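Enquirer: Construct all of the structure, not just a fragment, from the sequences and the given hints.
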Amino acid sequence: MSESTATGITAIAQHTSGVEIVLDRVVKVYPGQQAPAVQDFSMTVAPGELVMFVGPSGCGKTTTMKMINRIIEPSSGSISIGGRDVLSLDPNELRRHIGYVIQQIGLFPHMTIAENIATVPKLLGWSKPRIAERVDELLETVQLDPGTFASRYPKQLSGGQQQRVGVARALAADPPVMLMDEPFGATDPITREKLQAEFLRLQESIGKTIIFVTHDFDEAIRLGDRIAVLSDRSRIEQFDTPANILAEPANDYVASFIGHGAALKRLALVPVEEATLGAAVGTSGAPTIEFAGNLRDALDVLVLTGLPAVDVVDEQGRAVGSLSVDRISAVLGAELPGRTAGSRAGAR
Amino acid sequence: MNALDLDGLLTFWGRRWDDILELVLQHLAVVALSLLIATVVGVLIGILVWNRPVPRSLTIAAAGVALTIPSLALLALITPVFGLGWTPTVLSLVFYSLLPIVRNTVVGLREVSPAIMESAKGMGMSPAKILFAVQLPMAWPIILTGVRVAAQLTIGIAAIAAYVAGPGLGQFIFQGLSSLGSKNALNFALTGTLGVVLLALVVDGAFVLISRSTTSRGLRV
Amino acid sequence: MTVTTETQAIGATRVAEAPARPRFFTWRRFTTPIVVVVVLALLLLWVSTLQLDSIEQRTLNWSYITLRVGEHLSLTVVASALVAVLAIPTGILLAKTRSATVRNVILAIANIGQATPAVGVVILLAILWQTGYTTALVALVVYAFLPVLRNTMIGIQQVDANVRESARGMGMTPNQVLTRIEVPLAVPVILAGLRTALVFCVGVATIATFINAGGLGDMIVNGLKLQRYPVLVVGAVLVACIALLIDWIAGFAEDLLKPKGI
Ligand SMILES: Nc1ncnc2c1ncn2[C@@H]1O[C@H](COP(=O)(O)OP(=O)(O)OP(=O)(O)O)[C@@H](O)[C@H]1O
Ligand SMILES: [Mg+2]
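Residue numbers (the numbering used here), protein chains in the order written: chain A, 1 to 348; chain B, 1 to 221; chain C, 1 to 262.
Hints in this document: simulated from the structure, not taken from any laboratory.
No farther apart than 27 Å at their CA atoms in a straight line, the calculated lysine-lysine pairs in the BS3-like style are these:
no. : chain 1 : residue 1 : chain 2 : residue 2
1   : A       : Lys155    : C       : Lys258
2   : A       : Lys128    : C       : Lys258
3   : C       : Lys225    : B       : Lys183
4   : A       : Lys194    : A       : Lys155
5   : C       : Lys96     : C       : Lys260
6   : A       : Lys122    : C       : Lys258
7   : C       : Lys258    : C       : Lys96
8   : C       : Lys260    : A       : Lys155
9   : A       : Lys128    : C       : Lys260
10  : C       : Lys96     : A       : Lys122
11  : C       : Lys260    : A       : Lys122
12  : A       : Lys122    : A       : Lys155
13  : A       : Lys155    : A       : Lys128
Owing to the predicted nature of the structure, the values given are computational and were not obtained by experimental measurement.
Expert: Given below as structure tokens:
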């Protein structure tokens, strides 16, 4: 048994970029409760994919996520990571290879920032110099100056800085999988936006398989490759790309979750290149929009200037065409589900 | 060596019922009197120092240090001046009660949020009015907790005060000691000790009731 | 219950009083030993001006006093050490017990124990068993056991559930969570319990004289009985000074030993 466990762990641990996660008919019934908190949950998360769980409070997002690293044991069903059945592995070994960020951060108050980040590498028996190097590297990754912050204690950091340390700590042993439960929950909108942007940049380079829980739909649109909209008992109402969910909500429940302004949210996801451009107008002095921008920015310019059309310029500043309100609307009308899958580029 | 004889104990209680009751009442009286004095004095001290950083930390530090002095030492020290009996007992009980009461008064008064203080000021209340109409009522549950802690403390210390001829159940405990070897030694000591324990528990329960009935409804959790 | 509220009150004061950057060596830190030295010097001065009669001479001499101080300290320190060794592991075990009933029963017993008068315990033990040093030691241990036990349990249980969960989530075994996270975080509370126990012991050791276990209580009681106030005063002042010093040392140790960052 121990041998199979060991190979199972190694199979997961070998990876530093994402592996596949499969949940199959997973059920959780808390002791003493009639209704399950999670009922028949099945989902496959592709390697390197960032999946967002959104849903109202109490719908079972956290419970579903915590079953993956067995902080909560499933009542039935199976979960596998990189093809290995999670339930057959030693839970402690397993967790050392899954990055885990909880909503309340949970930094260890009696340890310095450096010691906090070094926790898992130490458990894995890394050498001292390797750990020290890794800690510095991670602090820089999350934009905290190692010289300033490494020897501080958590209480000497602001909320946003603590969140970053929480993320750094989860990344410490370069796990292939990350579970993040509202990691940016306790921050103000500005800090939150900054953390999100940093996080996206980070994910582009590390390519982990990430499950990210939030109840902020805009955050889900901004970050996710795919979004799972959940309702009570962790029922999947829709599981698709942000663009597709915005374009075609599966039902009223999803639509109500998107809220007002779905069209505008969609425009933010569509790059200018998706539109059919008209001829350049060439009005001198008028604002222009970059080719790499998104349609929402273009609309913004149109509304602000009151002009019938705005020029689109390429990287060298040459006008390559123009956009009008009609042309922008045409994109939304013509856009077919799936065509713009994964085009998050415009979100930034 | 002296084993417990239940029948003997019951007979003992039956025969000495009057004595026991009187000692319980004495014990209660001396504790109540001391707490009353300590509460008045302690809350006054608290009111005087809570808003002055230096006197405040001095008072609290001094009170904390005072609490570490063994009670027998204090009782003995004051007998040359105050003689034996009620006086040294009440004095030392007041002494030990002051710490929890002063400290909790200060904490309670300081805990009233600046927003509440400011809105009281904004309504034109004078500092004295704010103190009596806003701060003290809000601090009351915490002050009362201090009194409750003091009560537990003094019920135990009063037992030792019997050594300087203080009133209460301690007299039975020391009678047990002085009749060491005799049949009734255990009965005396056990009755005294159990009496103190019961008294402490009952008084603690009473404080829960008092605190419930004297705390503003809005402050109850 | 009571005590939780009280510690909260203490906590609140301490937080409020804490300076922005706590310095270790301040004047205030050394007030206690300075006061103690001054008091002892005054005591010595006063005694040296007295005409001592023969009874007083028998007790107010260095060898008698050092003997009593030695007895007193030995009772206090041995009892506290025993309590630390016995009560902390028991408290950790109890805190980790799954059964809430067991924990609540123990806490209830601890609360009743708190209400038991120390003289009662000491004298009952002497009547039921024997008089002397060992009995006093047992009484002290019994009496000081509960605060340390309770503080250990509370200290471990009050560890933030999120901190515990993130430790588990990082793959620590239950034992690693206990030794690396829970116990270090409980240290301040455990130390506060030990400090209480030490001060308790100094006080209860004074009562040990009633059951012929020596200590400075001897001087107090003899002084009272024989109407020799200088003897009484010296005994009482000495024991008070010891209590102050021990509390001071314990406070010092507390500040040294508690993990930074809390
Ligand atoms: N330890 C537990 N014991 C019993 N029931 C629980 C436990 N944890 C959660 N639940 C219940 O399970 C359901 C799902 O809870 P969960 O924490 O997964 O919700 P959530 O979607 O993460 O909510 P939130 O957005 O508020 O964090 C809730 O009804 C909750 O009351
Ligand atoms: Mg949750």
